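Residue numbers (the numbering used here), protein chains in the order written: chain G, 161 to 497; chain H, 161 to 497.
Everything labelled a hint here was simulated from the structure, so no lab data went into it.
One thing to keep in mind: the hints can contain errors.
Any copy, or any two copies together, can satisfy a pair, since identical chains are not distinguished.
[Said to hold, decoys possible] Here are the computed lysine-lysine pairs in the DSBU-like style, where the Cα-Cα straight-line distance is at most 35 Å: (1) Lys379 to Lys222; (2) Lys307 to Lys410; (3) Lys458 to Lys187; (4) Lys307 to Lys379; (5) Lys307 to Lys357; (6) Lys357 to Lys462; (7) Lys462 to Lys307; (8) Lys307 to Lys222; (9) Lys175 to Lys431; (10) Lys187 to Lys357; (11) Lys175 to Lys379; (12) Lys175 to Lys357; (13) Lys379 to Lys431; (14) Lys379 to Lys187; (15) Lys187 to Lys410; (16) Lys410 to Lys230; (17) Lys357 to Lys458; (18) Lys458 to Lys307.
Because the structure is a prediction, the values reported are computed rather than measured.
Protein chains: 2
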Amino acid sequence: MGTRCGRQTVALSTKPTIYAFTSIAGKKEGEGPLGNQFDMVFEDAFLGEETWEKAEMRLYEKCFSQILQKGSLSPSDIDYIISGDLLNQCTSSAFGMKDSSIPYLGIYGACSTMAESISLAAMLSDGGFSAGNILSMAGSHFCSAEKQFRAPLEYGGQRPPSAQWTVTGAGAVCISHGGPIEITHITTGKITDLGIKDANNMGAAMAPAFVSTLTAHLKETGREPCFYDLIVSGDLGLIGKEIALELTGKEGFDISSNYNDCGAMIFDPQKQDTHAGGSGCGCSACVLCGYILPEMIKGTFKNVLFIATGALMSPTTTQQGESIPSIAHAVALSKLQ
Amino acid sequence: MGTRCGRQTVALSTKPTIYAFTSIAGKKEGEGPLGNQFDMVFEDAFLGEETWEKAEMRLYEKCFSQILQKGSLSPSDIDYIISGDLLNQCTSSAFGMKDSSIPYLGIYGACSTMAESISLAAMLSDGGFSAGNILSMAGSHFCSAEKQFRAPLEYGGQRPPSAQWTVTGAGAVCISHGGPIEITHITTGKITDLGIKDANNMGAAMAPAFVSTLTAHLKETGREPCFYDLIVSGDLGLIGKEIALELTGKEGFDISSNYNDCGAMIFDPQKQDTHAGGSGCGCSACVLCGYILPEMIKGTFKNVLFIATGALMSPTTTQQGESIPSIAHAVALSKLQ
Chain G
161 MGTRCGRQTV ALSTKPTIYA FTSIAGKKEG EGPLGNQFDM VFEDAFLGEE TWEKAEMRLY
221 EKCFSQILQK GSLSPSDIDY IISGDLLNQC TSSAFGMKDS SIPYLGIYGA CSTMAESISL
281 AAMLSDGGFS AGNILSMAGS HFCSAEKQFR APLEYGGQRP PSAQWTVTGA GAVCISHGGP
341 IEITHITTGK ITDLGIKDAN NMGAAMAPAF VSTLTAHLKE TGREPCFYDL IVSGDLGLIG
401 KEIALELTGK EGFDISSNYN DCGAMIFDPQ KQDTHAGGSG CGCSACVLCG YILPEMIKGT
461 FKNVLFIATG ALMSPTTTQQ GESIPSIAHA VALSKLQ
Chain H
161 MGTRCGRQTV ALSTKPTIYA FTSIAGKKEG EGPLGNQFDM VFEDAFLGEE TWEKAEMRLY
221 EKCFSQILQK GSLSPSDIDY IISGDLLNQC TSSAFGMKDS SIPYLGIYGA CSTMAESISL
281 AAMLSDGGFS AGNILSMAGS HFCSAEKQFR APLEYGGQRP PSAQWTVTGA GAVCISHGGP
341 IEITHITTGK ITDLGIKDAN NMGAAMAPAF VSTLTAHLKE TGREPCFYDL IVSGDLGLIG
401 KEIALELTGK EGFDISSNYN DCGAMIFDPQ KQDTHAGGSG CGCSACVLCG YILPEMIKGT
461 FKNVLFIATG ALMSPTTTQQ GESIPSIAHA VALSKLQ
């Protein structure tokens with residue numbers, strides 16, 4: 161049963177936990193600073209398929225079979241899959257999971273998907289709707305995202321320095337009781353829109369959403385930023401990260417010593433030509449499941465606040481002159497002793 | 161707290177209810193058999209905008225302000241909005257709700273969105289995550305859907321007889337405790353895919369998903385079909401409805417006397433040239449909120465099983481030769497005395 165702490169935050173009372181997790185990443189991600197952390201790195205960006213969209217479906221399938229294997233689970237042990245992606249009509253999730261025979265709840269949170277998915281899974285688990293496991297999953301593919309959101313790769317478009325690089329990869333967590341990492345609080349984001357219209361500067365558009373959710377979380381839980389060993393945003397990238405630090409300071413909170421961003425962590429911008437850093441549903445999913453959760457198990461971090469951020473625009477809204485509304489959802493994690 | 165009845169079904173224990181509801185529909189829907197039932201019928205398909213996508217955003221905004229008015233609610237009374245739509249990146253929901261200042265959870269269930277949204281809202285309410293109200297919303301617009309999924313209206317494409325007509329309209333329900341209609345059970349769908357590839361015959365693609373969820377619901381709750389005064393599918397249309405009746409019969413259940421389909425109810429196919437009937441997120445949302453719920457209040461129906469169906473394809477997957485995976489989610493409603 162949930163307990164409301166305020167307008168946006170609920171505390172979970174039955175100690176739902178992350179029981180198992182997995183990550184899968186592409187070649188470029190495998191060459192980055194976290195490259196040796198992922199459970200699997202694949203070399204063929206097509207994953208044996210002929211289109212980028214089908215490749216992304218295979219990515220989801222692989223991620224799904226990996227989590228079953230890592231958690232020693234069969235599909236019948238999983239009560240719900242909660243998953244989403246960036247493709248139009250969220251087809252990589254649906255097609256990737258279509259043969260699983262597991263009750264399926266599709267979500268759309270843009271790059272906030274991993275946090276939204278964990279939020280819903282944790283609340284359903286805490287509310288008694290699962291006797292076993294709930295699977296949360298998110299991912300993205302650089303090539304399908306470029307094709308859909310910007311231009312086909314063959315076009316060879318130039319990217320401005322503020323542009324981010326969509327991560328090719330996916331992550332999944334299995335939520336149930338009795339695992340090593342407790343999900344203590346969920347803070348659900350409100351949509352924020354400060355009128356930014358530059359679709360090549362998503363970090364600037366999403367930073368206010370991160371700050372809004374972070375400050376709501378801190379105020380509603382009464383926790384100080386220093387409670388967390390790591391406060392991590394999803395994919396603000398290098399530019400958004402600086403804006404987030406500045407805006408958080410203006411709200412009266414200092415997170416300079418324990419804040420990082422998944423998009424800033426996954427690539428080496430100097431060596432890898434990724435400009436402002438990583439983005440995409442797969443960015444926060446891979447970094448959470450490939451780096452943060454393993455480091456929590458090792459003891460590097462005890463308490464982590466994971467805040468994935470999403471830009472809720474489409475190419476059509478940008479073409480029609482709309483601004484970029486954004487959202488961020490926070491999941492508070494604590495390692496159990 | 162939820163109680164699991166089986167693989168797909170949970171029973172809700174705290175009596176979450178539909179406290180308020182509203183519907184808004186376009187001109188053609190207003191001229192159909194249910195035309196005088198909707199709370200609002202608008203004449204201008206553009207809703208004062210210059211593009212169909214912006215019109216759909218206004219549709220969501222209007223639906224949102226109507227539910228606030230009908231329920232005598234202010235935004236601060238609403239703990240979560242759970243909403244989705246058919247547009248790429250679900251932008252009509254996000255843009256329509258971006259100024260609401262309410263925690264927002266975006267979902268994607270194609271035309272099953274209304275049932276998925278109510279399912280999640282009812283479970284969050286039952287699980288103690290809301291002290292007040294949760295808003296579920298879905299809608300669609302014929303012109304934006306034609307443009308995105310088929311061809312721009314100006315192209316003047318011919319429609320085959322099996323094609324359905326996307327409903328222009330939206331519906332919203334407010335879920336809390338103390339309302340007149342109880343949500344007793346939720347049955348979450350598994351994705352089904354029988355290999356149908358004809359994107360102009362969605363009813364045939366979605367009918368097996370409806371039957372799968374219906375039979376799971378009946379077996380897991382132990383209820384006979386006759387328990388329900390109405391079993392209603394979302395938007396199978398005239399062709400899908402016949403297939404659904406036949407397939408349900410093969411499963412050993414007779415629903416011939418109490419089954420109908422929202423897509424078959426909303427238009428008069430002879431007079432309105434809508435071929436196989438209505439479809440779209442807005443179809444089941446409008447019929448639920450404009451006809452079924454008001455008739456439950458009047459006493460026409462006491463127990464209703466609402467099963468919205470969704471085809472989880474995209475134009476890209478169809479172009480790439482993929483089949484049409486489908487899903488259906490069931491919500492069991494009972495009028496309180």
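How the hints compare with the structure:
1. Taking CA atoms no more than 35 Å apart as the test, lysine 379 paired with lysine 222 passes between copies only; the shortest distance there is 32 Å, against 40 Å inside one copy.
2. Taking the closest pair of Cα atoms, lysine 307 and lysine 410 never come within 35 Å of each other, the shortest separation being 38 Å inside a single copy and 44 Å across copies.
3. Proximity of lysine 458 and lysine 187 under a CA criterion of 35 Å is satisfied intra-copy only: 26 Å inside one chain copy versus 61 Å between copies.
4. For a Cα distance limit of 35 Å, the shortest separation of lysine 307 from lysine 379 qualifies neither inside one copy, at 41 Å, nor across copies, at 45 Å.
5. Proximity of lysine 307 and lysine 357 under a CA criterion of 35 Å is satisfied in both settings, with 20 Å inside one chain copy and 24 Å between copies.
6. Proximity of lysine 357 to lysine 462 under the C-alpha cut-off of 35 Å is found in neither arrangement, the shortest distances being 38 Å within a copy and 50 Å between copies.
7. With identical chains, the CA atoms of lysine 462 and lysine 307 are never at most 35 Å apart, being 39 Å at best within one copy and 50 Å at best between copies.
8. Proximity of lysine 307 to lysine 222 under the C-alpha cut-off of 35 Å is found in both arrangements, the shortest distances being 22 Å within a copy and 34 Å between copies.
9. In the homo-oligomer, the alpha carbons of lysine 175 and lysine 431 never lie at most 35 Å apart, since the shortest distance is 42 Å inside one protomer and 58 Å across protomers.
10. In this assembly of identical chains, the alpha carbons of lysine 187 and lysine 357 lie at most 35 Å apart whether taken from the same copy (32 Å) or from different copies (34 Å).
11. In the homo-oligomer, the alpha carbons of lysine 175 and lysine 379 lie at most 35 Å apart both inside one protomer (22 Å) and across protomers (31 Å), since each shortest distance falls under that limit.
12. Taking the shortest Cα distances, lysine 175 and lysine 357 never come within 35 Å of each other, neither inside one copy (41 Å) nor across copies (44 Å).
13. In the homo-oligomer, the alpha carbons of lysine 379 and lysine 431 never lie at most 35 Å apart, since the shortest distance is 39 Å inside one protomer and 58 Å across protomers.
14. Neither within a single protomer nor between protomers do lysine 379 and lysine 187 lie at most 35 Å apart by alpha-carbon distance, with minima of 41 Å and 47 Å respectively.
15. Taking identical chains as interchangeable, the C-alpha atoms of lysine 187 and lysine 410 are never at most 35 Å apart, the minima being 39 Å within one chain and 49 Å between chains.
16. Within a single copy, lysine 410 and lysine 230 get their C-alpha atoms no closer than 43 Å, and across copies no closer than 39 Å, so neither meets the 35 Å cut-off.
17. Within a single copy, lysine 357 and lysine 458 get their C-alpha atoms no closer than 42 Å, and across copies no closer than 48 Å, so neither meets the 35 Å cut-off.
18. Taking CA atoms no more than 35 Å apart as the test, lysine 458 paired with lysine 307 passes in neither setting, with 39 Å inside one copy and 52 Å between copies.
Violation of the numbered hints given earlier is confined to hints 2, 4, 6, 7, 9, 12, 13, 14, 15, 16, 17, 18; the remaining hints are satisfied by the structure.
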